[in-house]
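Protein chains: 2
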Amino acid sequence: MTLWTLFFKNSKILSEQFDKDPKKMMLINNIQHKNEIINIYLSTSKNINLSDLEKLCDSVGWIRRPLKKVKIAIKNSFLIVSLFQISERENKLIGFARATSDYAFNATIWDVVIHPEFQGKGLGSILVNQIIKDLREAEITTITLFADPEVLSFYKNLGFLSDPNGIRGMFWYPK
Amino acid sequence: MTLWTLFFKNSKILSEQFDKDPKKMMLINNIQHKNEIINIYLSTSKNINLSDLEKLCDSVGWIRRPLKKVKIAIKNSFLIVSLFQISERENKLIGFARATSDYAFNATIWDVVIHPEFQGKGLGSILVNQIIKDLREAEITTITLFADPEVLSFYKNLGFLSDPNGIRGMFWYPK
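Same order as they appear, the protein sequences are chains L and P.
Those letters in the first sequence? Residues 40 to 214, per my numbering, in order.
Those letters in the second sequence? Residues 40 to 214, per my numbering, in order.
Looking at chain L on its own, in the form it has when it is part of the complex (with noise of 0.2 Å):
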């Protein structure tokens, strides 16, 4: 069976999107994982499938969001990444991240998830330098994010600084 034949195979939402958008579609890698090579393909597509997402946001325990304000975040973000393992088995969507900016100077990145049974697989720098790669394209200089403690030390192996020159990242919550 050759790539392209595996790849279109099972997934409807797959290959609907990379009808859509074939440039948005590559193969990163091939990965070990449970006795298997799969497939990775990255994608920047902002046609997501949003249960998926919501399966992957979910195998992280995050709370839940609703889905039509999901999709309204997605349409307004300036980049969309995606990872999805293709494999004879299963195709299922394993990563993501996005971006807001001004489209000119600077950016923030949210909501950077990696499915668990597939972290610790070089698979969230990937993520990120696609974001970084994609923002510098753009010439938008300012690339910025807001992270928990038990990432700082991830994004510092990506060359991101915490708090240059004392700048501190601050929060309003509702009362």
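The set of hints was computed from the structure by calculation and includes no laboratory data.
Hints may be right or wrong, so weigh each one.
Identical chains blur together in the list; that is why a pair holds if it fits in one copy or across any two.
Listed below are the simulated PhoX-like cross-link pairs for lysine-lysine, each with C-alpha atoms no more than 20 Å apart in a straight line [as the list claims (entries may be wrong)]:
1. K195 / K85
2. K110 / K94
3. K214 / K195
4. K172 / K214
5. K131 / K160
6. K195 / K108
7. K131 / K214
8. K214 / K114
9. K195 / K114
10. K94 / K195
11. K131 / K108
12. K114 / K160
13. K214 / K160
14. K160 / K73
15. K94 / K107
16. K131 / K172
17. K110 / K85
18. K94 / K131
19. K172 / K94
20. K73 / K214
We have chain L; now place chain P onto it with these hints.
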């Protein structure tokens, strides 16, 4: 002279802006400035004069940015808030701030600036509180920003928390 006669007397830019969307311009304060009572107006229109904005940013010593990119950034910001002084003597852009957002969950405030002559009069708080109000009305719950050390206490007084739960602001800069 009535307020509206005064309002339209000198400022082509302001009157054009007002004509296009009268709801977006409102009188917020009368303040004493150079032995004169001046009216301060707040506008949420994106139809802002870029040369006036550049002068305002020059007044606080910011590095100049290409106006073409500034225009793109304003267009792609979720929200723009400007302050104008309207007096018999002159009409002037004296404050500005903007926010990016995904229109659903998160927003980030950027480029908060008050002309030095008008600092210490509570206008910065008016700008930021207006942004918070508008974002809350749009049901955006996570309002963020990156604060230089010298303005940390300003934002704390407005209810912002720095590094809540150990979350840290991070920046990636081009090598």
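Structure-based check of each hint:
no. : hint        : result
1   : K195 / K85  : neither (28 Å within a copy, 36 Å between copies)
2   : K110 / K94  : within (15 Å within a copy, 39 Å between copies)
3   : K214 / K195 : between (33 Å within a copy, 14 Å between copies)
4   : K172 / K214 : between (38 Å within a copy, 13 Å between copies)
5   : K131 / K160 : within (16 Å within a copy, 56 Å between copies)
6   : K195 / K108 : neither (31 Å within a copy, 29 Å between copies)
7   : K131 / K214 : neither (39 Å within a copy, 35 Å between copies)
8   : K214 / K114 : neither (28 Å within a copy, 30 Å between copies)
9   : K195 / K114 : neither (29 Å within a copy, 32 Å between copies)
10  : K94 / K195  : neither (28 Å within a copy, 37 Å between copies)
11  : K131 / K108 : neither (22 Å within a copy, 39 Å between copies)
12  : K114 / K160 : neither (29 Å within a copy, 39 Å between copies)
13  : K214 / K160 : neither (40 Å within a copy, 26 Å between copies)
14  : K160 / K73  : within (13 Å within a copy, 64 Å between copies)
15  : K94 / K107  : within (15 Å within a copy, 41 Å between copies)
16  : K131 / K172 : neither (24 Å within a copy, 40 Å between copies)
17  : K110 / K85  : within (9 Å within a copy, 25 Å between copies)
18  : K94 / K131  : within (10 Å within a copy, 52 Å between copies)
19  : K172 / K94  : neither (27 Å within a copy, 33 Å between copies)
20  : K73 / K214  : neither (47 Å within a copy, 38 Å between copies)
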